[in-house]
Amino acid sequence: MSLALLACRAEVNSSAVDYDAVEVPAAQLSSDEARDRGRALFKEKCALCHGDRADGRGVRRQGLSGKPVNFGSMDWRSNTSANEVFEVLSEGRRGTSMPAWPTLSEAQKWDLIAYVLSVAEDGP
Numbered sequence: 001m002s003l004a005l006l007a008c009r010a011e012v013n014s015s016a017v018d019y020d021a022v023e024v025p026a027a028q029l030s031s032d033e034a035r036d037r038g039r040a041l042f043k044e045k046c047a048l049c050h051g052d053r054a055d056g057r058g059v060r061r062q063g064l065s066g067k068p069v070n071f072g073s074m075d076w077r078s079n080t081s082a083n084e085v086f087e088v089l090s091e092g093r094r095g096t097s098m099p100a101w102p103t104l105s106e107a108q109k110w111d112l113i114a115y116v117l118s119v120a121e122d123g124p
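Residue 1 is where the sequence shown starts when you use this note's numbering, and the numbers rise one by one after that.
Everything labelled a hint here was simulated from the structure, so no lab data went into it.
Treat the hints with caution; some may be incorrect.
Stated by the list, open to error - Cross-link-like lysine-lysine pairs, in silico, DSS-like; alpha carbons within 30 Å at most:
(1) Lys45 with Lys109
(2) Lys109 with Lys67
(3) Lys45 with Lys67
(4) Lys109 with Lys43
(5) Lys67 with Lys43
Generate coordinates for the entire structure from the input sequences, incorporating the hints supplied.
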């Protein structure tokens with residue numbers, strides 16, 4: 001491997017975010033106000049693919065690469081951390097139609113996460 005390629009690789013790796021180390025704002029995740037803001041964002045940005053009821057049955061689900069997540073699934077909820085959702089919102093999901101959302105602020109991402117993590121327990 002050439003030195004130029006090694007330098008590029010090092011540059012990419014050095015700028016990578018360690019999403020497991022991102023501090024989760026626990027108070028925001030448990031806030032009813034954050035969930036309400038997240039629900040509104042979900043309806044605006046996510047429902048076309050993930051469905052109005054966050055069940056993975058959005059009107060645009062046909063033809064997508066990868067199946068949209070059913071946020072009401074207790075299996076999904078019990079196997080997914082807030083940090084993992086933050087990473088998907090920030091980076092997208094490689095090999096699927098799930099895009100990154102660079103237009104959302106960190107606060108908006110956490111509001112959205114508060115909502116989707118609550119769906120399995122509280123409903124949409």
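Here's how the hints hold up against the structure:
{"no.": "1", "hint": "Lys45 with Lys109", "verdict": "11 Å, holds"}
{"no.": "2", "hint": "Lys109 with Lys67", "verdict": "21 Å, holds"}
{"no.": "3", "hint": "Lys45 with Lys67", "verdict": "17 Å, holds"}
{"no.": "4", "hint": "Lys109 with Lys43", "verdict": "14 Å, holds"}
{"no.": "5", "hint": "Lys67 with Lys43", "verdict": "18 Å, holds"}
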